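Trainee: As you go down the protein sequences, you meet chains A and B in turn.
Residue numbers -9 to 153, in our numbering, belong to the letters of the first sequence in order.
Residue numbers 216 to 997, in our numbering, belong to the letters of the second sequence in order.
For the record, the hints were derived by calculation from the structure and aren't laboratory data.
Incorrect hints may appear among the rest.
With a Cα cut of at most 20 Å, we get these calculated DMTMM-like pairs of lysine to aspartate or glutamate [what the hints assert, rightly or not]:
id	chain 1	residue 1	chain 2	residue 2
1	B	Lys232	A	Glu78
2	B	Lys226	A	Glu78
3	B	Lys866	A	Glu117
The model shown is predicted, which means the values in this text are computed figures rather than measured ones.
The chain contents come next:
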Amino acid sequence: MQPDHHDIELKVNGTTHRRGVESRMLLSDFLRHELLLAGTHVGCEHGVCGACTILVNGAPVRSCLMLAAQANGQQLSTVEGLANDTGELHPVQQAMHDHHGLQCGYCTPGILMTMTAFLKENPAPSEEEVREALSGNLCRCTGYQNIVDAMMAAAQAMRAAAS
Amino acid sequence: MTTRFFGAPIKRNEDKKLLTGQALFIDDVELPGMLHVAFLRSQVAHARIQHIDVSRALKRPGVVAVFTADDLGAYWKPGPLLVPPPPISGIVFNQRTQVPLAKDKVRHVGEPLAIVVAESRYIAEDALDDIEVDLEILRAVVDLEHGLGTSSVHVHDDLGSNISAHVRQIKGDYRCAVAKADLVLKRRFHYEHGISSPIETRGVVAQWNARGSQMTVWDTTQAPVFIRNGLAAMLGLSERQVRVIAPFVGGGFGPKIMMFYPEEVALPWISMRLNRPLKWIEDRLEHFFATTHERGQIHDAEIAVDSQGRILGIKDVFLHDTGAYNPYGLTVPINSQCTLLGPYVVPAYDSTFTAVFTNLPIVTPYRGAGRQHGVFVIERLLDLAAGELNIDPAEIRRRNLIPPDAFPYSNEIIYQDFQPLEYDSGNYEPVLDKALETVGYNHFIKHEQPKLRAQGRCVGMGVACYVEGTGIGPYEGAKVQVQANGKVSVATGIGTQGQGHFTSFAQIAADQLGVDVTEVDVVTGDTDQFYWGAGTFASRGAVVAGNAVNEAARVVRQKALKLASDAFECSEDDLVIADGKVSIVGIPQKFIRLGELAQRANPMRGAVKPGTEPGLEATQYFGPPSGATANGVHAVILEIDPLTFELKILKYVVVHDCGTVINPMILAGQIHGGVAQGIGNAFYEKLSFDDQGQLLNASLADYLLPTALEVPRMELAHITTPSPLNPLGIKGAGEAGAIPVGPLFAQAIENALNVGRKKVELLEIPLSPSRLFELTRMADQP
Chain A
-9 MQPDHHDIEL
1 KVNGTTHRRG
11 VESRMLLSDF
21 LRHELLLAGT
31 HVGCEHGVCG
41 ACTILVNGAP
51 VRSCLMLAAQ
61 ANGQQLSTVE
71 GLANDTGELH
81 PVQQAMHDHH
91 GLQCGYCTPG
101 ILMTMTAFLK
111 ENPAPSEEEV
121 REALSGNLCR
131 CTGYQNIVDA
141 MMAAAQAMRA
151 AAS
Chain B
216 MTTRFFGAPI
226 KRNEDKKLLT
236 GQALFIDDVE
246 LPGMLHVAFL
256 RSQVAHARIQ
266 HIDVSRALKR
276 PGVVAVFTAD
286 DLGAYWKPGP
296 LLVPPPPISG
306 IVFNQRTQVP
316 LAKDKVRHVG
326 EPLAIVVAES
336 RYIAEDALDD
346 IEVDLEILRA
356 VVDLEHGLGT
366 SSVHVHDDLG
376 SNISAHVRQI
386 KGDYRCAVAK
396 ADLVLKRRFH
406 YEHGISSPIE
416 TRGVVAQWNA
426 RGSQMTVWDT
436 TQAPVFIRNG
446 LAAMLGLSER
456 QVRVIAPFVG
466 GGFGPKIMMF
476 YPEEVALPWI
486 SMRLNRPLKW
496 IEDRLEHFFA
506 TTHERGQIHD
516 AEIAVDSQGR
526 ILGIKDVFLH
536 DTGAYNPYGL
546 TVPINSQCTL
556 LGPYVVPAYD
566 STFTAVFTNL
576 PIVTPYRGAG
586 RQHGVFVIER
596 LLDLAAGELN
606 IDPAEIRRRN
616 LIPPDAFPYS
626 NEIIYQDFQP
636 LEYDSGNYEP
646 VLDKALETVG
656 YNHFIKHEQP
666 KLRAQGRCVG
676 MGVACYVEGT
686 GIGPYEGAKV
696 QVQANGKVSV
706 ATGIGTQGQG
716 HFTSFAQIAA
726 DQLGVDVTEV
736 DVVTGDTDQF
746 YWGAGTFASR
756 GAVVAGNAVN
766 EAARVVRQKA
776 LKLASDAFEC
786 SEDDLVIADG
796 KVSIVGIPQK
806 FIRLGELAQR
816 ANPMRGAVKP
826 GTEPGLEATQ
836 YFGPPSGATA
846 NGVHAVILEI
856 DPLTFELKIL
866 KYVVVHDCGT
876 VINPMILAGQ
886 IHGGVAQGIG
896 NAFYEKLSFD
906 DQGQLLNASL
916 ADYLLPTALE
926 VPRMELAHIT
936 TPSPLNPLGI
946 KGAGEAGAIP
956 VGPLFAQAIE
966 NALNVGRKKV
976 ELLEIPLSPS
986 RLFELTRMAD
996 QP
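The whole structure should be built from the sequences, with the hints applied where relevant.
Mentor: Set out below in structure tokens:
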């Protein structure tokens, strides 16, 4: 079988990329191994663990459940784009550091992407809402408590910065 | 030494890389010309291999090579025995270690049959479907008791039985204990642990450099030095020709130290043959079969107590599922056997286990490493005795605690580190008191629970105690080196999987050398950076490597003071090390930076004194005489919905004593994570095998890891009883959170449900809403 190819053009963290891809190439593999944006991690390849979460046009998406070809023409954000150009961490990253919200750090990029989108949508969440939003991302190290604390602190920091 | 950093909640050095996507994990290793590997795995648990035909796979475009067991030639050998059996008299141990590729027979689902090497992982997986395998399917050994029956088939035909091991250990005289007892209780307990399921699966990258005759292996291992040594031996190379790098590893929890996994054996050899770098990354489905588990034991246990609830003796006979092979020796069942004794005075103990080969994936330690099983048995026995004698569950525990003046306390039997089981230090009653106080034990029992029960709510209290043997030998080492730029480098041989070693080891070195923690660069898990070591297991990293770092940094400090005293022509007593420099006491403007001292210690010209070593560096090793025993108490208040059996945790308390604490923030994180895994084990995670050895729930959609909605907020408190076995007084903490959650849940759920119901005894873990429904319905039937 001759694998069919697609020429795609997409923006990742503001940079435009043009590539030819096989139909079946997963978006997660494309980001990691074609664009060498390896910060997006793959944990389960069946959409459960959430480690590969990225933003597609601002909405969290599991990049292991999407094909690269489907990302044609879309705007993507990955963990590599979270800190600003001077290297200053995003408030959600900073809060994770301050509250020891990561141990092995493997699930962390997916959590950062899920939660930055969530906090944009809900800038003043309750702890229960944070836990609900976080429940689609599996972490095997932290028991979640410090991540929850980090998100509450990040929400507060972002509200303070906005006012 | 000042302790500015030791004991402080210092934020982690390693976070920035991890938060920005810049940390190197195994699948991030990209090498020019790299090929990709996929393994064809058995889909049945037990079968004779008749024929494997790989010819179609070889014809597929993009496939470079295919290997079966026969293609490995003399390289095909059963793996080494990672941990030999301890010196216990009368021990039976039948060594049957795993093989690189199945030959003649497959012994569990997921055992590899063939290896495909291709230009991409996609093509390699396509080619797996091209391979034709002809198998004669055999009955599978799944049930432990059936496996020991005379009519059972055998996992290893040459053995003539399925007995992997048989061990009896005795302390005191149990028969005398029974003769004196007012109450003897006997029950059968089933305890199953599960899979560690780190979010990063395993992976191996191997690169043979033919010009340099050098093998480099990136491996998600917890023990890079062992892997280096073993690979060198297998490949016919010197250790110096093999470099093993454990990069950032996305969680391990035990199973990433099994050795050797077939993939670790195969990839380096194929890389040499093809002279190309190779990568294999386990997918999640493979992980359920190809990475080791920790599964079940069946205990027939009895306890003899006096009328006051004091333990006179315990007898336990148990079966242990070791899986298809036993490369990790007896560590798991020995831990169960030893840890059962807990923090209690048990004058007589008679414990026998039989480890059974089954046609299921291999069992090796997973966080707790068998300790859970033993703790479940003793804690449940105490609950049952308390119920019979009408003693409060917390009180029966208190009456049996080892008193503080009894340490070091010998339990006489042999532990996993081959040393007699001796608790180095402890002060158990304050830990129990603190837990009861923090959870509000008396108030809940006397006031809250009756009130809530009157409202029809099923709320229950649980309290469980445990000890944990930690920080075992043999040894670890560390090299501390001051760089010319003034930064301090610390290299050690252990691997790291999220435990915060880049920070806790930096804290230790920073205090000795008067620099900031951020000025200390810790390297772990690269055999070219540090040659010697054992690995990260048994809650030993902080204890063993931490003390080695302290010793090495102390020697460097002495060297720095000596060099500065020569330069200033003053006594070392007149010098102070702080802020990255050595200065004269009282004259802060008179100083030399550590970086400059490092340069001076490596002069370009002139003679150096005999016996002088260049550089501002030192390598030191630390080997404890035996393990340090940590202990703790967990307490919980939970609620069960009487219709759906959904469980809600209202309060969770951990009080813990792991000796002196390097970094309380990191310690809290270790405990939070351990408890989360314990909760998964107790109530959500169950490996469901059918009678053919097929795992029916091999996906994260069906094997339920706890999420942020199941893991509650925890309240932590610490009691500090330093270990006398190491200069820093540290005990390990990595496994503590996970150990007592099973019996805690069983006790609290019983307490919650027993109101107005027929008595339900929960003698098994894992539980679940559906299992509670079954058990309570069985009890309701006449």
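Trainee: What hints, given by number in increasing order, does this structure fail?
Mentor: none
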